[in-house]
Amino acid sequence: MLSLLKSLPSRNFKLISPIFPLQPWIHQNFSSATGSFQQISQDHENKNNNVNFNFVFHSCRDIGAVKQLHALLVVLGKAQNVVLFTQLVTLYATLGDISLSRNTFEHIQRKNIFTWNSMVSAYVRCGRYRDAMDCVSEFFSISGVRPDFYTFPPVFKACVSVVDGEKMHCWVLKMGFEHDVYVAASLIHMYSRFGSVDVAHRVFDDMPVRDVGSWNAMISAFIQNGNAVGALGILGRMKVEEVKMDMVTVASVLPACAQVNDAVCGMLVHLYVIKHGLESDVFVCNALINMYSKFGRLQDAQRVFDGMKVRDVVSWNSIVAAYEQNDDPVTALGFFKWMQFVGMRPDLLTVVSLASIFVQLSDQKVGRAVHGFVMRRGWLEEDVVIGNALVNMYAKLGSIDCARAVFEQLSRRDVISWNTLITGYAQNGLASEAIDTYNMMGECRTIIPNQGTWVSILPAYSHIGALQQGMKIHGRLIKNCLYLDVFVATCLIDMYGECGRLEDAMSLFYEIPRETSVPWNAIISSLGIHGHGEEALQLFKDMLAEGVKADHITFVSLLSACSHSGLVDEGQWCFDMMQKECGIKPNLKHYGCMVDLYGRAGYLEKAYNLVSNMPVQADASIWGALLAACRIHGNAELGTFASDRLLEVDSENVGYYVLLSNIYANVGKWEGAVKVRSLARDRGLRKTPGWSSVVVGSVVEVFYAGNQTHSQCTEIYKELRMLNAKMKSLGYVPDYSYVLQDVEEDEKEQILTSHSERLAIAFGLISTPPKSPIRIFKNLRVCGDCHNATKYISKITERDIIVRDSNRFHHFKDGICSCGDYW
DNA sequence: GTAGGGTTAG
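Every letter in the first sequence is one number past the one before it in UniProt numbering, and letter 591, counting from 1, is 591.
By construction, these hints were calculated from the structure, which means they are not laboratory data.
Nothing here was measured: the structure is a model prediction, and the numbers come from that model.
Idealized CB from N, CA, C, for every residue including glycine.
Treat the hints with caution; some may be incorrect.
[Stated by the list, open to error] No farther apart than 16 Å at their CA atoms in a straight line, the calculated lysine to aspartate or glutamate pairs in the EDC-like style are these: (1) Lys718 with Glu749; (2) Lys111 with Asp148; (3) Lys580 with Asp551; (4) Lys771 with Glu798; (5) Lys748 with Asp735; (6) Lys244 with Asp211; (7) Lys167 with Glu178; (8) Lys669 with Asp619.
[Unchecked claim] Restraint-style ranges between C-beta atoms, simulated for each label pair: (9) Lys239 with Gly475: 26 to 34 Å; (10) Tyr272 with Ile113: 36 to 44 Å; (11) Val700 with Lys771: 15 to 23 Å; (12) Asn227 with Val282: 21 to 29 Å; (13) Thr516 with Lys771: 38 to 46 Å.
Whole structure, please, built from the sequences with the hints as guidance.
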């Protein structure tokens, strides 16, 4: 093998490539192709046969110029000059015109190895891989011309899409070319694209001589397959063998540093770049910008960008994405405008960032314009990524129908397209649509669900309390070992928590890795909705003791846990700690929790003061929390004030009208209640109907208030009458303040008795064996009178009754509710 | 005159 190697020419140097941009000295000699042509003609007339055509080839920057040159060469009688015409073949392809390239090739009568190699490479350059392979077969079948070192690297590039790689590899072995550094690098690259890093590694290990390009190819093979650790391992070996990094090494290794979150390594590489003067390379700078952006170090990213003398579209995309992904859409948009100002044309990935920018700016109108921009360029056909970005954009902007429409239009859908739509539905509160979409996805055999799928479907199941389906997914995850994935497991914790299986949520939590805040946030939130505020606080302390950093979501979970359990002082402590010790500025969600915490505990004035002194503008959720507190404590005055503010910011949400009318009704101001209701009616808003569901066996039964059509209607109402009588004998007094209609007392009692949660409970009682627990799911908050009644029912029937309403869990047992009547 | 290995993403 070694003797074969010795017989090969030494070729570890790089030739000057004819690819643009041109070397500056050519510019100095010839300002344009036309200038070059004049020079040639002149030389020709002066009978100077030593014309250096290199200059001329280099000065052709568009197809028109190449055509002129082509014509000129014919006129000059050079039509049979294989050297010049082979160059034309390459030149046409470099400028993107493969048919002219082929045409020129056809007209060359005495094709030599250069000509064939150039044609193959021309096809590859234009992405015509199938044609490149056909050309190779043609090449092989012509006797007298044997492929050489130059033939294979482009061929392997073509193999990536044509899948003839192994056959070609055999050829290479047969001809003894496998140790050529160029050939081997393209082999490594090809195998890595096929996902066979092990084979790539074997090729790499078998190389008797490696140049820096070989190392680069191996590093890139690991990166392409998501193995950043492997890539950094190769970098380490390079260091041991004292191979110097070049700019390609740097550009490939920087994303690996970002992936393993190794800022120190990244900065050391940056130092190396400065020391060795590699900053002039655009790829290197782009990779630096991206790395710093992933570390959230925007100033460093910006400094690299500012220092660049030449910027390409990737540089601009990178700086736009850096700000966009670090939650600064305004600056990102500023860079986009600057990009346009300097005349840099946006590409597909620019638009992906733009879509996300307008989501963050909640700008529906410009979002549509982005969609139009994409349509006009036909990019929707070209790449799924952009289609998925648009689906995501519309879903996040709340236009789920538009998201669906874009999804329907996609010519190709991948697993991410489906995940995006499912997430869109789930996040817009349309759980059953999310589930339908997931089921439709299951029918597409070509789409294999991945981590993102589980993360999108599990919350939908949680939302409607579909424990059975959720557990089915858990089973599937155990089978493919994904249940230890932190994100998936967190969704499972949420699911168990929201479906009332707090113990299962807890045991899962202790099974999985918990170095990040993600699973902690989920378990704290689960404890919160079950009313275990003290335990939530204890877990928060455990979390800090284990050295896990709390984030803003942790505090949302924690504050809401405090508010559900009435832990005012503790909530106050968390709120202070968040700002002072963790340096987290409270956002609207945190303020919402605090208003809820103060408000529900009856500190309406404190709640109001907090709202008045907030550094941020209160939104509907803040005023809504205050309004809800006013309803609980019967404060019509502050309630009216809050609802006025509320309707200024959100006049569409009918729930707020209902709340206000409840407040008026509770204090006996029936005219006020009627006025609010008619206002809602006039604006065309309809009350979300309250419903409750109960699971009997594997069937979910749904009840609306006053339902008279259920097949077991008579039995249900009979059961309720019987219960009412027993409840009254134990001291139950109906609370008519929850009846909004202005009617007679006995009719009010009738209305209370037929609230949806009571119907569901009664149905549960007559359809399940004695002493078995009953689980109810209600889409709105449970009514105060029903809450009281359920306590009595749990005592009379000796049943555990678990009610999950839109806010939290109520576990009724032996006449007591787990919420301690604090709800 | 012909060749390899590099940066951005939903």
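Query raised in the report: Given the hinted pair Lys111 and Asp148, is their alpha-carbon gap at most 16 Å?
Result: holds, 15 Å
**Report entry** Proposed proximity, Glu798 with Lys771 (alpha carbon, max 16 Å)
**Finding:** holds, 6 Å
Query raised in the report: If you check the beta carbons of Asn227 and Val282, does the distance land in 21 to 29 Å?
Result: Taking Cβ atoms as reference, Asn227 and Val282 lie about 26 Å apart, which means the hint holds.
**Report entry** Pair hint Lys167 and Glu178, alpha-carbon separation not exceeding 16 Å
**Finding:** At roughly 13 Å apart (the allowed maximum being 16 Å), Glu178 and Lys167 satisfy the hint.
Report task. Please work out if Lys748 and Asp735 have their alpha carbons no farther apart than 16 Å. Result -> holds, 9 Å
Query raised in the report: Does the Cβ distance between Lys239 and Gly475 fall inside 26 to 34 Å?
Result: violated, 47 Å
Query raised in the report: CA of Lys718 to CA of Glu749, is that 16 Å or under?
Result: holds, 15 Å
Report task. Note whether the CB distance of Thr516 and Lys771 lies within 38 to 46 Å or breaks it. Result -> holds, 42 Å
Query - Hint consistency between Lys669 and Asp619 [alpha-carbon to alpha-carbon, up to 16 Å] - result: Violated, at about 27 Å.
Query raised in the report: So the hint says 15 to 23 Å: do the beta-carbon atoms of Val700 and Lys771 match that?
Result: holds, 22 Å
Query raised in the report: Is it true that Tyr272 and Ile113 lie within 36 to 44 Å of each other by Cβ?
Result: holds, 40 Å
Requested in this report: Given the hint that Lys244 pairs with Asp211, test it: the Cα-Cα distance must not exceed 16 Å.
Outcome: Answer holds: Lys244 to Asp211 is near 10 Å, not above 16 Å.
Checked against the numbered hints above, the structure breaks hints 8 and 9 and satisfies the rest.
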